[in-house]
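> Fit chain B to the given chain A structure using the hints.
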Amino acid sequence: EPEVTQTPSHQVTQMGQEVILRCVPISNHLYFYWYRQILGQKVEFLVSFYNNEISEKSEIFDDQFSVERPDGSNFTLKIRSTKLEDSAMYFCASFGTDTQYFGPGTRLTVL
Amino acid sequence: AQSVSQHNHHVILSEAASLELGCNYSYGGTVNLFWYVQYPGQHLQLLLKYFSGDPLVKGIKGFEAEFIKSKFSFNLRKPSVQWSDTAEYFCAVNAWYGGSQGNLIFGKGTKLSVKP
Numbered sequence: 001e002p003e004v005t006q007t008p009s010h011q012v013t014q015m016g017q018e019v020i021l022r023c024v025p026i027s028n029h030l031y032f033y034w035y036r037q038i039l040g041q042k043v044e045f046l047v048s049f050y051n052n053e054i055s056e057k058s059e060i061f062d063d064q065f066s067v068e069r070p071d072g073s074n075f076t077l078k079i080r081s082t083k084l085e086d087s088a089m090y091f092c093a094s095f096g097t098d099t100q101y102f103g104p105g106t107r108l109t110v111l
Numbered sequence: 001a002q003s004v005s006q007h008n009h010h011v012i013l014s015e016a017a018s019l020e021l022g023c024n025y026s027y028g029g030t031v032n033l034f035w036y037v038q039y040p041g042q043h044l045q046l047l048l049k050y051f052s053g054d055p056l057v058k059g060i061k062g063f064e065a066e067f068i069k070s071k072f073s074f075n076l077r078k079p080s081v082q083w084s085d086t087a088e089y090f091c092a093v094n095a096w097y098g099g100s101q102g103n104l105i106f107g108k109g110t111k112l113s114v115k116p
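Going line by line, the protein sequences match chains A and B. First residue of the first sequence? That's 1 in our numbering, and the numbers climb one at a time after it. First residue of the second sequence? That's 1 in our numbering, and the numbers climb one at a time after it.
The shape of chain B in the complex, shown without the other chains:
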């Protein structure tokens, strides 16, 4: 069965620090990869996605992620975090089955707290 692992449960950083959140997935076939963010009291919003092509993808708000196929990883990065990045971050994967849209498998999430 597919699974997604997020290594960090809670990360605490000061403003301007660099961020890297780990994500590994287990699935041998073709996958689509996503990072979603959930700000306090709000719904899940898409940060970025990878389907194919350049393994370094850029998303909104200065976030980027790198897909490393050999490591089954899709880590999220941001060079300099802001207080407003305080949120919970979810890595997710889905697999395409002959053109139909598979469901998303989520990691447990990483809570990011940024100290002003």
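Extracted from the complex, chain A is given alone in its bound form:
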């Protein structure tokens, strides 16, 4: 069964550094999403992406965040200057016929 994959599984970075989280959605899916889950809190929507542009974003997704689909298979989330409060699990999802399928997540730790 096709799966959403994410790399790396764990990223440790210093505050102020840029990070890029990578996702490979399921190949025939057209809608892609990023969510995050701060430890002990609920899963929160960040951004959705369709047809090579952002279709919706939450208030969390400020100018420090950007998304890209650079090569038709990868879907990336970039955080330009990480803050301590960006520490969280970041999930990528892609949408099939009626359901969003989630990747295993990247745990981002900002020191």
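Heads up, some of the hints might be wrong.
[As the list claims (entries may be wrong)] Okay, derived cross-link-like pairs now, DSS-like style, lysine-lysine, Cα gap no bigger than 25 Å in a straight line:
hint: 1; chain 1: B; residue 1: 71; chain 2: B; residue 2: 49
hint: 2; chain 1: A; residue 1: 57; chain 2: B; residue 2: 108
hint: 3; chain 1: A; residue 1: 83; chain 2: B; residue 2: 71
hint: 4; chain 1: A; residue 1: 42; chain 2: B; residue 2: 69
hint: 5; chain 1: A; residue 1: 78; chain 2: B; residue 2: 115
hint: 6; chain 1: A; residue 1: 83; chain 2: A; residue 2: 42
hint: 7; chain 1: B; residue 1: 69; chain 2: B; residue 2: 108
hint: 8; chain 1: A; residue 1: 57; chain 2: A; residue 2: 78
hint: 9; chain 1: B; residue 1: 49; chain 2: B; residue 2: 69
hint: 10; chain 1: B; residue 1: 49; chain 2: A; residue 2: 42
hint: 11; chain 1: A; residue 1: 83; chain 2: B; residue 2: 111
hint: 12; chain 1: B; residue 1: 61; chain 2: B; residue 2: 108
hint: 13; chain 1: B; residue 1: 58; chain 2: B; residue 2: 69
hint: 14; chain 1: A; residue 1: 83; chain 2: B; residue 2: 69
hint: 15; chain 1: B; residue 1: 61; chain 2: B; residue 2: 111
hint: 16; chain 1: A; residue 1: 57; chain 2: B; residue 2: 49
hint: 17; chain 1: B; residue 1: 115; chain 2: B; residue 2: 69
hint: 18; chain 1: B; residue 1: 58; chain 2: B; residue 2: 71
hint: 19; chain 1: B; residue 1: 111; chain 2: B; residue 2: 71
hint: 20; chain 1: A; residue 1: 42; chain 2: B; residue 2: 71
Calculated from the structure, these hints are not laboratory results.
Below, chain B alone, put in the same frame as chain A:
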């Protein structure tokens, strides 16, 4: 704004006990409803979903959920839990906007611990 409430933060049951996890949502329009499960150290997996039709939906691993529109509820049930059901359970909702796929709004999750 849409929101999802899960009433129980942590539920502890013995094996073979029956399970019901509450979920209420706030949105007046047409919604799609989901339950996802997150086993320890693993990613979110879809348990079941409701879009339309029979309000009692059956999912994987013996789980079912009932959509009660008048109560804005979508409670998850299982008649007899197993130790392997120990996990965190998330209720989620999204709204369709003219055919586009809205984002999922999640509840805070309910941690289920099943004692062997």
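> Starting from residue 57(A), check that the Cα of residue 108(B) is at most 25 Å away, please.
20 Å, holds
> With the threshold set at 25 Å, check whether the alpha-carbon distance from residue 83(A) to residue 69(B) stays at or below it.
41 Å, violated
> Can the restraint linking residue 78(A) and residue 115(B) be considered satisfied, given a maximum Cα separation of 25 Å?
Violated. Residue 78(A) to residue 115(B) sits at ~41 Å, over the 25 Å cutoff.
> Need the status of pair residue 69(B), residue 108(B): alpha-carbon distance at most 25 Å?
21 Å, holds
> Take a quick look at whether residue 58(B) and residue 71(B) sit within 25 Å of each other, Cα to Cα.
The hint holds at about 20 Å.
> Assess, step by step, whether the Cα of residue 58(B) is no farther than 25 Å from the Cα of residue 69(B), and give holds or violated.
17 Å, holds
> Given the hinted pair residue 83(A) and residue 111(B), is their Cα-Cα distance within 25 Å?
Between residue 83(A) and residue 111(B) the Cα gap is close to 29 Å, so the pair fails against 25 Å, i.e. violated.
> Take the C-alpha atoms of residue 42(A) and residue 71(B), compute the straight-line distance between them, and say whether it is at most 25 Å.
23 Å, holds
> Given the proposed pairing of residue 61(B) with residue 111(B), does the C-alpha separation stay at or below 25 Å?
17 Å, holds
> Hint check: residue 111(B) vs residue 71(B), CA-CA at most 25 Å. Holds or violated?
23 Å, holds
> With the threshold set at 25 Å, check whether the alpha-carbon distance from residue 71(B) to residue 49(B) stays at or below it.
18 Å, holds
> Given the hint that residue 115(B) pairs with residue 69(B), does the C-alpha gap stay at or below 25 Å?
Outside the cut-off at roughly 33 Å; violated.
This entry does not satisfy hints 3, 5, 11, 14, 17, going by the numbered hints stated previously.
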